[in-house]
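Undergrad: Protein sequence lines, in the order shown, are assigned to chains A and B. As numbered in our numbering, residues -16 to 324 make up the first sequence, in order. As numbered in our numbering, residues 69 to 298 make up the second sequence, in order.
It cannot be assumed that every hint is accurate.
Unchecked claim - Below, a sample of chain A positions facing chain B; criterion: calculated Cβ distance under 10 Å:
#1 P28
#2 L157
#3 I303
#4 P306
What the hints assert, rightly or not - Simulated coverage check for chain B against chain A, where a stretch passes if three residues somewhere in it have a Cβ under 8 Å from a Cβ of chain A:
#5 145 to 153
#6 275 to 289
Stated by the list, open to error - Partial selection, computed: residues in chain A whose CB lies under 7 Å from chain B:
#7 A21
#8 Y23
#9 A85
Keep in mind the hints are simulated off the structure, nothing from the lab. Quick reminder that beta carbons are idealized off the backbone N, C-alpha and C, glycines included.
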Amino acid sequence: MGDLVLAIETSCDETAAAVVDGRRILSNIVSSQADLHAVYGGVVPEVAARHHLTTVNAVVDRALAVSGTSLRDVDRIAVTGRPGLIGALLVGVATAKALAYAAGKDLVMADHLHGHVAACWLAPVALDPPFVALTASGGHTRLDLVEDYARPVLLGQTLDDAAGEAIDKGARLLGIPYPGGPGLEALARDGDPTAFDFPVGLRSRGPGGLDFSYAGVKTALLYATRDLGADGVAACRADLAASYQEAIVRPLADRLIRAAAQAGVPAVSIGGGVAANGRLRALVEEGAGKHGLSVAIPDRALCTDNAAMIAAAARFTEPIPWPDFVGADAVATAPPGGIAA
Amino acid sequence: MTTFALDTATPDPALALVADDEVRAEAWLGRGPGGGRRILEGAHHLFAMAGIVVADLDAVVVGVGPGGFTGIRIGIATALGLGQALGIPVHGASTLEALALGAAVCRHSDDEVVASVIDARRGQVYAAAYSVGAPGVVREVVTAAAWDPGALATALAAVGPCVIAGDGADLVPLVPGVRRAPAGVLDRIGPAHLVALVRASGPRPVAPQYLRLPDAEENRRRREREGAVA
Ligand SMILES: [Zn+2]
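Chain A with its partners taken away, still in its complex shape (with noise of 0.2 Å):
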């Protein structure tokens, strides 16, 4: 069986296509409407819905153009089927179950979680189990134990806002223009961490007590920047800055490192729109040193949304053969376990 995947992805708010051959990515297209977004402050899923229509038929010729590949030659189909918007993903579902149909191929129902976490198994990080993968984006915060990528363990997630999140609603508060991770971070690189005292991100429900709460540091920090009202703000925004984003990135480091720790693995992972963070990666790189732990980053482009994951994540799925997938379905919402896989 070979092993060439056109795999889409359109979860949220990227249109994304890409060729994988086993661990090798020949194409990886991502049309961001990031910029469209920008005007309402964050994702509408209508107008994600609406531009993934008239965008992803391009983006897959696309991604098959530069692979170097025609529709005729991949092995199997894979699209996102779950979790996301359900507007966004019924675009892809529905394109990527006809393109299958009338290619004659085999479809993967891919989950978008288990694609963030498959994105170590690609080239050129390549990296085998065991291991725990910390997944941080804008809809997501988790910790994964992976013995196997095909059953990615859920060690403990964000209870309410996910990182990200956080990080965009802070950004705005400190008038920061959406998407803020950037943002944020350019101005927290002028900042004190320590200058305020924000709660940090944790919960410890569960036995392991891995979980993540974002709620409470969003709140400080509506609280501050009224106590200091805006000429207060304006005076100490990178100090501001700096502060709320370590509260945010460093539970998201030490529980990552800690979690490694407790399942006795030598290395951890990062992705998601959050592992673009400097600040993030610096304290990762830290714990992972002094507990003797390799640290894989896949490249940003990875760690984003994109469908090069989803394709990885498609190698750990069964497929659905041809054409037992045309009353295939796309759902909005993540297992009870986590991962669909």
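Mind docking chain B with the ligand on chain A? Use the hints.
TA: Quick look at chain B with the ligand alone, frame taken from chain A:
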């Protein structure tokens, strides 16, 4: 020449296979859970019933709305996916125009205007009115839009005798000169009519006809207008 036609803009997804001059198969999936998400499954069964395989298709025609946003997108994504994989043309056709072609059989005279009315929820209807001529030829006399039913009734009364069809027909208050088509089969989209429209008027782009902005955009524009006034 075998054309596959589909429309998932209304809650009753419709699909058809049209050979050169005859409708070989036509099906409605009925109102039910999943809406347009069932369309590819329906297509697979339709092809089997007609004794063809998907590779036998020469063209696809898809209803571009108006109707449910998600349904419109599933129909168009399905049509474009099939076209992309098979390398065959995909054409768009108006869901309202197809509805009018189907309902034209119940006109009392050729002069009677046909209004197509689809429930748009929130107290509105997606509607337009047409004079229907030769097979597949329609001329819009009341603009396709998301209408308030009362305003639509007024607009229809102004264009002369008119018959209303579609699942939103009951929402439009009757005024002199305007009557409702018998409820039932005429409320459904005739998928073969989509093909007739394309044949009569030539290829049209596959552009979704939402007729409504996303709520977030509507709100943003309102804020902008209010800001401009204040
Ligand atoms: Zn993601």
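Undergrad: Does the structure break any of the earlier hints, and which numbers would those be?
TA: 2, 3, 7
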